[in-house]
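Sequence order for the protein chains is P and D.
Numbering follows the numbering used here, with no gaps: position 576 of the first sequence is 576.
Numbering follows the numbering used here, with no gaps: position 95 of the second sequence is 95.
Keep in mind that the hints were calculated from the coordinates and are not lab data.
Built from N, CA and C at the ideal position, the CB exists for glycine as well.
Any given hint might turn out to be false.
Claimed, not checked - Short derived list, chain D residues pointing at chain P, Cβ under 10 Å:
| id | residue |
| --- | --- |
| 1 | H16 |
| 2 | S64 |
| 3 | V83 |
| 4 | N88 |
| 5 | P127 |
| 6 | E136 |
Claimed, not checked - Stretches of chain P that chain D covers, calculated by requiring three or more beta carbons in the stretch to come under 8 Å of a beta carbon on chain D:
| id | region |
| --- | --- |
| 7 | 367-378 |
| 8 | 434-448 |
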Amino acid sequence: MRLALLIVLLLLAPGAARAQSPNTFTTSAAEGGPVIEFTDGDFVLSPGLEIPTRGWVRAASPHIYRMHETHWRTGDYHTVQGRFRFDRGALGPDPLALYTASTRNQFIVFVNGAEVFRNFARVSDQKLAWYRPFLVPLPAGALKPGQNEILIRAVSEESVGVGRVIVGPNAAVQAFYQSQYFWQITAPMAANAAMLALGGLAVLVWLGRRREVELLWLALAAGLWFLRNYQYFAEVTPFDMALFNALTVYATYFATVATTAFYASFLKMPHRGPVIAALFALGIPIVAVHAAFSLSNLILYVPTTLIGLGGALLGLLDLRRDRTPGHVVLAIVVLLMPFAGVYDFLLAGGGSGWKVHDFYLTVFSGCIYCVAFLMVFGKRALDAFAGLEAANATLEQRIAETRAELAASEASRRDLVVAGAVASERERLMQEMHDGIGSNLITALAVARQQKQPDSTIKTLSRALADLKITVDSLEPVEGDLVALIGNLRHRMAGDLRDAGIACRWEVGRCGPVPWLDATNALHVLRIFQEAIGNVLSHSDATEMRIGCGEETRDGIPGIAAYVADNGRGFDQAQADRPGKGLGNIAARAQSLHGLLECRSSVDGGTLVTLWLPYERARATGDRKAG
Amino acid sequence: MIRVAVVEDDPVMRDHLSSAIGGCEDMLLTATAANVAEAEGMIEAGGYDVLLCDLGLPDGSGVSLIRTEALTGRDTDILVVTVFANQNKVLDAIRAGARGYLLKDERIEDCMAAIREIRRGGSPISPIIARQLLGEIRPDPRAPARPMASPLSEREYEVLNLLSRGFSNAECAEILTVSGNTIGTHIKNIYRKLEVNSRAEALFEASSQGWLSR
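Looking at chain P on its own, in the form it has when it is part of the complex (with noise of 0.2 Å):
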C-alpha cells in the first residue's frame, strides 16, 4: 500500500513540480492592457469540497471530462478542479475580469482562495452551464501582487470540465463576454423562439388548408429542433437530467427525419409515405440500443448525418430544376444542415483539438429553414392572392364585356325586330303587287297584245308594269350598293334598247356601299336613272348610250358619281328654259338624296346626266332613316 503510494508520488512528482510554476497562455491586446486565454491549467478530479493540495495533473486549458470518455453515469456527481495561475503584473493595473465558458455545470471560482462567483444559489438548481458564457469580476482585494491563483470547482451530473479561460482588463473581457453570450445565447433563444412560433403558425395555417401535409411536418420538425436545441439557451435543465441529456440527443434524428420527411413532401417527392415512415421506424431501435448499452452518440449522428445528406440530395436535385429564390434557400439550407451538423458534433468535442466554446450552426438552420419555407409559402400565398386579383379583374373585364354583348345583342334583337317587321311588310308589298297589281297589269298586258289593241295601251301598261318593277326593285335589299341597283335597273331595260337598237355600254369602277341607300331613296336613285334611260330611248336618236359610275370627291366630300350619256342629238341647254321633259322631276329627287344632279347637252352633242351622291349625309340635312 505504501508502495503504491510512493509510486504515485513518484509518478505525480514532475506534474506536481510543474504545477508550481505559472501556466501557460497566448495574450492578445486590449483597450486597458493585455488580455490573457490559459492553454493549459492544473487539473484534478476531486469530489471533495476541500482545494486538494495533491493529484494536480497539467493538462491542456480547455479540460472536459466527457461521458464516454470516463464511462460516468449520468445522475452520479463528478466534481472537477481547475487551478490557473498568473503574475498580476502582466496584466494593466485596470480591475479585472474573468471569462469562462463551457465550465460546466455547478461552478465556483475562488481567487487565491477566497469563493468570488458561484453559478448557482442551491446545490439542488440543475445547472447548465456547458455552453454557456460567464463573466466573474475579478475584486481588487482578492488579487495580490505577483503570482495569483484563479481555482474554479466544477460539478456536474454529466460531463464536467473547466472550459475557455481568459482574464484581463474588466471592460476589455465584458465585451468580449456581450459578444459571446448574444451570439450563443441569446441569438439562438431568439431564433428558435422564432423557429417555434412558426411552427404554431404552420399548423394554424395547416387547420385551413388540410391537404398542405408539408406544413404539419414543418411544424412537427421546428417541435423536434426546439427541443433539441433548447440545450444552448436554457440555464437549468427542466426536469431530470438523464432524460433531458436522452431528449436533446434523440431529438436531433427525430428533427432530421421530420425536416426530411417536409422537404420530401414540399418537393412532392413520389414514394416519400413509406420512406418517411421506415425512418421513423428506424429511429426507434436506435434509441433503444442507444439507451440499453450507453453508446456513444455517433450510434444517433451517423444515421441522422446520413438522413440529411439524403435531403442534401434532394436539394441538389431540386436546385436543377427549381431556381426560384425560395427553392434555392431551401436547398442551400438542406445542402449546408448536414455540414453543419458534423461541424457542430466535432465544435462540441467530438474530435480533440476542436474548441469548446464557439458557435454553433444547426442551432440557428431551423429556423433559417422555417424562414425559408415561409417564404416558399408566403410567396405561393402571394402569387394565389395575385392570381385571384387577377382572376377577379379578368371575371370583372369579362363581366363588362358580356354586358357589352349583351346590350349590342339586344340593340341588333331590336334592329332584327325592326328590320324583321320591314321585312315582312315588304314582303307582303311585294305579295300584294305580284299577285294583285302585277297580275292584273300582267294580264291586262297579255289580253292587250291578243286582242291587238292600239300600241298607246300595249305602252301604256307596259310602262305601268316597267314602274312597278322598278318599284319592287327598289325594296329589294341591295345593303347600299348604287351599281347592282343601277345594274339591275339597266338588265331591266335591256329589250328595250335592244328593240331601240341603241348600243349600251356599262362603265363601271370601284364603288363603296352608300349607307344611307334604303328603299325610299333607293327608289329615288332608280326614278332618276328610269328616266335619264327613258330620254334616251324616247327622244336621243342616239345609237349607243354609256350608263356608268365612279368614285368622285366634290366639295371635299367623297361620294360616287352615276352619270347617263348618249351620243344622241342633244339640246340647247341655254334655250331651254326648263330642263328636258321630266328632267325637273328627278332634280327635285336628287335634291331629296342630297345629290347633286347635272345635265349637260348640246345641240348634236348628246346629253350626260349625271348624279352624284355622298356616301355620308351630314345629319344636319336632315337624314331620313326609311323603316
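Guided by the hints, dock chain D onto chain P, whose structure is given.
Below, chain D alone, put in the same frame as chain P:
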C-alpha cells in the same frame, strides 16, 4: 323538239304561253296544270324537257312542285314564271331546283328564246340576284364558315362577280374572252351548285338537330 309543260293558274297567261309554245315548230306542249294538285299528277307522269312553273298557285307554292320535279332526277329544266323576278322568289325556286326564270310580261318571243336557251344550257340572272348569290358564297368572314358541298370554281366566281357588278352576259363574255353561251352555262352551273348546297345544308341542319337517325 323541246317538250314543255306549264303550271300556271292564270288562264290568260296559261293560254298565252300554251299557244306560243304550240306555235313554235321546235316545241311541243305536253301538259298544263292550273294548281298544285294537277301539277303533282303531271310531274308524276313526266314526259317533258322544260317545266314552266308559276309560284303563287291557289292551293300551294310552286316551290314545292319544283322540288318534287328536281328530286325525280330527270333531266328537266325548270323555269319559274314570275312577274318581277325579285330575288327572294327566284332564289327560293333555284334552291329548290329551278334553273332560270321567265318574266310574265316578257315578249313572248323572248320567252320562247329563254326556253331554247335553258335547253342549250344557259341560265339568266339579274345583277341583284348575282349580288345576293355572291354574298351567300362569300359570307361574313367572322361567321364560322360552313364548307360548301359544291364550291364554285374560280371562273364561276369571276362570272358571278362581274354579273353582280351589272355587266351583261355579253359583256362578261367579252371581258373573260369566252362565248356568251359559256356565261349562261356558268350561271346554270352556279344555280345547280346552289341547289346542291341548299340540299346539303338542309341535311346538315337536319343531322345537327338529330332528326336523321344514325
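Tested hints:
1. H16: With a minimum Cβ separation of about 5 Å from chain P (threshold 10 Å), the hint on H16/D holds.
2. S64: Hint on S64/D: violated, closest Cβ of chain P at ~17 Å, above 10 Å.
3. V83: 4 Å, holds
4. N88: This interface hint holds because 7 Å falls under the 10 Å limit.
5. P127: 4 Å, holds
6. E136: Status violated, d = 13 Å.
7. 367-378: Three-residue rule not met by the region 367-378 of chain P, so violated; n is 0.
8. 434-448: Three-residue rule met by the region 434-448 of chain P, so holds; n is 10.
Hint compliance for this structure: hints 2, 6 and 7 are broken, all remaining hints hold.
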